[in-house]
Structures are given as structure tokens and as C-alpha cells.
Amino acid sequence: MLQFQHVTKRYPGGKTAVKDLNLTVDKGEFVCFIGPSGCGKTTTMKMVNRLIDITEGTILVDGKDITKQDPVALRRSIGYVIQQIGLMPHMTIKENIVLVGTLLKWSQQKKDERAKELIRLVNLPEEYLEKYPHELSGGQQQRIGVLRALAANPPLILMDEPFGALDPITRDSLQEEFKKLQKELNKTIIFVTHDMDEALKLADKIVIMRDGEIVQADTPEEILRNPADEFVEKFLGKDRLIQARPDVTTVKQIMSSSPVTVETGESLKQAISMMRKSRVDSLLVVDEEKRLKGVIDVEMIDRNWKKSTYVSEVMETEIFSVPQDSLLRDTLHKILRRSLKYVPVVDDQHRLVGIVTRASLADIVYDTIWGDGLEIEEPIAAAAE
Amino acid sequence: MMEFFSKHGQELLIKTWEHLTISGIAILLGVLVAVPLGILFTRIPKLADRLISLVGILQTIPSLAILAFFIPLMGVGKFPAIIALFVYSLLPILRNTYTGVKNVDQNVLEAGKGMGMNQWESIVKIELPLALPVIMAGIRLSTVYLIGWASLAAFIGGGGLGDFIFDGMNLYQPELIVAGTVPATILALLANGLLSVIEKKLTPKGWKETYQTL
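Chains as they are written, first to last, in the working numbering: chain A, 23 to 407; chain B, 2 to 215.
Heads up, some of the hints might be wrong.
What the hints assert, rightly or not - A few chain A residues that face chain B, going by a derived Cβ cut-off under 8 Å, partial list only:
1. 23
2. 98
3. 108
Calculated directly from the structure, the hints in this document are not laboratory data. From a predicted model like this one, the values you see are computed outputs, not experimental measurements. Beta carbons are placed, not taken as given, at the ideal position from N, Cα and C, and that holds for glycine.
All chains, please: the whole structure from these sequences, using the hints.
Shown next as C-alpha cells:
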């Protein structure tokens with residue numbers, strides 16, 4: 023979709039803004055460029071629609087060299103959203119949304135239809151089409167800014183810190199809305215930001231830049247797990263690295279691998295003695311191949327021990343479990359939301375491999391707040407000296 | 002009073018019309034030249050300030066002198082009078098056009114460029130509409146001045162209400178001076194009012210509201 027090949031930008035003063043940059047962006051990918059100010063992220067983005075000219079190298083959009091295209095036509099085929107929104111104050115919202123359509127000489131009917139279609143995407147009423155930008159709040163204005171970029175249905179959209187000027191709550195809801203929209207419409211997005219949280223939240227791929235060069239380009243998970251160097255680590259921040267652990271940790275990494283189990287064929291007597299021995303009030307029920315079948319607790323046995331003999335007759339089969347490679351982040355929410363005491367962990371054959379209990383979660387939260395066990399030992403050791 | 006009108010009434014109407022055409026044509030020429038020039042200047046910001054001071058120098062030449070200079074160059078009559086007035090109209094329009102267009106929100110311009118507007122579209126669809134209130138202020142200022150200065154056209158045989166004033170001065174007839182001055186003042190006020198109506202009509206609706214709150 024988009025390729026940077028040895029792209030370099032040198033300004034007349036001799037300052038090099040971007041140095042020999044190579045990157046490939048796939049169709050439908052959401053790529054965030056991030057870095058401290060002056061790292062060349064905005065320059066890189068603006069070279070794509072030729073608002074800034076390339077000094078050396080090539081940028082290909084859909085396999086075509088952008089310098090061989092008419093810049094005006096190129097820009098009309100690429101969506102563009104800026105931080106300062108830049109809606110035309112003298113045009114109605116409708117005229118603003120379909121501005122590119124006007125430039126492309128669409129019929130009035132086509133423009134009207136497209137404007138109505140688009141404004142529905144962001145859940146704003148159609149009456150807004152007749153309003154002027156100054157009558158809208160900042161968040162609403164930037165929604166229109168995004169719609170304006172979508173108007174001619176460009177496959178590629180460039181966004182220059184589009185949510186940077188909004189208040190945190192509005193920013194948050196717009197990010198969510200936009201990410202959803204992007205998935206629905208399958209657009210390729212180049213998104214410049216200096217906000218790491220934003221990048222982690224939105225991006226499929228994060229490109230971290232420093233002094234005009236790419237330091238690391240990878241998925242958010244991979245960057246959090248394996249920061250390329252100290253600069254990236256610093257940029258992510260220690261807090262985020264620790265806090266992000268639930269985001270990248272899989273259930274398998276924290277589960278306890280020896281849950282107390284009982285086989286389907288065993289009797290209730292055996293089950294109750296097993297509970298007593300292990301000091302637990304419930305058991306996971308598995309078959310001979312260790313496949314998870316259900317759960318049985320002391321209450322069920324108490325209610326049924328006169329009528330039934332075997333575990334399989336009494337056990338509760340409606341049981342919630344998670345695959346071992348699912349992210350802890352998601353599991354955590356499920357456990358808390360459903361107020362479960364524990365969740366069995368299964369492999370792809372639905373065999374029981376472990377269990378995540380509320381105690382394991384307490385450990386994670388503890389680590390998040392206090393840092394790694396290792397880290398608090400150091401100051402203690404230092405104090406002892 | 003009645004006597005004066007019966008004696009000079011028709012002449013007064015003719016002179017007022019002359020006055021109006023002389024200043025009208027001059028201001029029209031001024032707009033046609035100064036507005037595009039002002040936009041052009043915004044494209045060469047490094048030279049613009051110097052060029053505008055150059056035009057400013059023309060403004061400092063005493064008006065009587067400039068009319069006198071035009072006699073050897075273009076003779077006497079309406080034409081040199083119009084050209085002289087045109088020169089005077091340039092600066093306020095040029096300066097306001099330049100300032101107005103230059104002060105259009107850069108973000109709006111960048112958005113327009115990023116959307117794929119070419120220079121012409123950017124000027125017609127963004128810069129002129131947004132700079133319009135400022136440009137119109139320049140045009141109004143020029144017009145009011147020009148209607149006043151047009152009285153001097155009589156000095157080089159250009160006609161207009163100045164004829165009354167000069168006659169009044171030469172013949173020691175104050176009523177003639179008044180007859181030349183009052184219509185000129187009324188013309189200036191009317192022209193200013195008319196232009197402000199045009200300005201309101203031309204300024205895009207959304208921009209009018211935004212502009213007022215700025």
C-alpha cells in the first residue's frame with residue numbers, strides 16, 4: 023500500500039529531518055509514528071502527500087511513485103486530518119465534509135448523499151449539516167475533520183496529531199470511535215502522535231523515531247515486550263512497561279498449573295475426601311484425557327449425595343474457561359466482571375492445563391503498584407547496609 | 002435657496018454625476034489592480050513589505066502636486082484626473098488585501114492544500130472569502146477619501162463638484178462653495194453606506210458570525 027524506500031529529507035539550511043527511512047505499510051494497517059518533537063515524524067508523513075518534497079529516495083503509494091503524480095490529484099486521493107482541525111469557517115458542515123467532492127466536481131446530489139451517509143458514521147444528527155463550524159464543540163469539529171478526510175473514500179489517510187488539541191475525555195471517546203470506524207472501513211492510516219497511550223491504543227504497528235531515523239517499528243505488544251533500546255524504554259516509561267504487563271502477559275504465564283481435579287467416573291465420596299485433603303470447596307472435573315468437563319462444589323455434593331453416586335451425575339457442566347494463550351488483560355476483566363472466583367485454563371484440545379485464581383490476580387495488581395518483587399528488595403537491601 | 006436651485010440646479014446634477022463617475026471609475030480601477038496585486042504580494046512575502054512602502058510613497062505626494070505633474074504627461078481633462086485618483090486609491094486597498102489575505106488562518110490553508118486545492122481554488126474558495134471584511138474596509142476607506150479628493154479634479158479640468166468650489170473661491174461666492182461641498186459629503190456617506198451593504202451581502206454567513214466573535 024505504502025512504501026518508503028531510502029527516504030531522506032534535508033532542508034536548505036543543511037538540517038537533515040529524515041535519514042534513509044525504509045518502511046512498508048500494508049493495506050488496512052494502522053501505523054502510528056511517534057517520537058519526541060523534531061524527530062521527523064510529521065515531516066515523514068507530509069512527504070507522502072507532497073506537502074513537503076523528498077530530497078532523496080522514493081515513496082510509493084499503491085506501487086506508484088508519488089513524485090511522478092500531479093501533487094494536487096495525489097492529495098485529493100489521500101485523506102488528510104490535522105491537529106488544528108482547519109475546518110473552513112465560512113462553509114457549512116456539509117460543504118466542509120464534501121470539500122474534496124467539490125474539488126472533484128461531484129454533482130450536488132452526490133455531495134448531499136455522501137454528506138448524509140458520512141455524518142451518520144459519527145452519530146451526529148443530519149441537521150448539523152446546515153450548521154457552521156463555530157457552532158460545534160471541539161470534539162464535534164474534529165469528527166467533521168475526520169469525515170472530511172473520508173469523503174472521497176481514499177484508501178489511505180494521513181493524520182497529524184488529530185486528537186492532540188482535545189480534552190482528555192473527548193480524546194478518549196474519539197479514539198475509540200475512530201478505531202472502530204477504521205476497522206469497519208478498512209482504511210490504511212498513517213497517524214502521527216507524541217502520546218504513547220494513544221499509539222498503544224490505536225496502532226497495529228508503532229514506528230518510534232529519533233533524529234530522523236526509525237528506532238523500532240513493531241506491534242505495540244512486541245514493543246512493550248522487547249523494547250529495542252534504552253531510548254524506547256525511556257520513551258515508554260517504566261510505569262507503562264510494568265503496567266502494560268497484563269496487556270502482553272498470557273494467561274499461561276501466570277496460571278497455577280496444578281489445579282485440584284477429580285475424574286468424571288469417580289464417586290462423590292472420593293470427591294469430598296479430595297476436597298478435604300486439598301482444603302478446597304470445589305473441584306474441576308476432567309475425563310480420562312484430562313479434558314475439562316465441569317465443576318463440582320461442596321454444596322452440590324451436599325444437596326445430591328443421597329440421590330447420586332458419581333461426580334458426572336452432579337457436576338455443573340456450564341463452565342467458563344479460557345484458552346491458555348489468551349491475554350491476561352482480557353481474562354482479568356472477565357473474572358472481575360462476572361465475579362468469578364477462578365477460571366480454568368485449557369489448551370486447544372480443551373484439556374485442562376491450569377487455573378487462574380483471584381490470588382494470582384492479586385499478585386499481578388501488587389506488582390503493578392509496587393513494581394517487581396526484585397525492585398523493592400533493592401532499596402531494602404540498600405537500607406540494611 | 003430656491004433661487005440658487007433654479008439657477009444652478011441642473012448644473013449641480015451634472016456636476017454631481019461627473020464627480021461620481023470620476024471617483025467611481027478611479028475606485029473600480031483601484032480595486033481591479035490593487036486586490037490581485039495584494040494577493041500576489043502574499044505569495045512573495047519577502048518583497049511584499051518593501052513594495053508596499055513603495056506604493057506608500059506615492060500616497061505621500063501632495064494630491065495637488067500629483068495632479069499638476071499629470072498635466073505635462075497627460076494633458077488636462079477627465080482622464081488624467083481619474084488616473085491621479087486611481088493612484089491614490091491603491092494603497093489602502095492593497096495594504097488591506099495583503100494584510101487580510103496574509104492573516105487567513107494558516108491551518109485552514111494547510112487543510113485546504115492537503116485536501117488537494119490548487120492555488121486558484123485556495124484563493125477563490127478560502128482566501129478571498131475570509132479576507133473579504135478586511136479588503137472591503139480598505140475599499141470603503143479609499144472610496145470616501147477619493148470622493149473628497151475628486152474635488153481637486155476640477156483643477157486640471159476634470160469637472161465634478163470641484164468646479165463649484167473653485168468658482169466660489171474665484172468669484173467670492175460662498176454659496177457656490179457650499180453647493181460643491183455638501184453634495185460631495187453626501188456622496189461620500191452614501192457610497193460608504195452602499196459599500197457596507199455590499200460587504201454584508203458578500204461576506205459568507207458562517208464567517209460573518211465567526212468574524213464578529215473574534
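Here is what the structure says about each hint:
Nearest Cβ of chain B to the Cβ of residue 23 of chain A: about 19 Å, over the 8 Å cut. The hint is violated. Annotation: interface hint on residue 98 of chain A holds; nearest CB of chain B at approximately 3 Å, less than 8 Å. Satisfaction of the interface hint for residue 108 of chain A is found here, the shortest Cβ-Cβ separation to chain B being roughly 3 Å, below the 8 Å cut-off.
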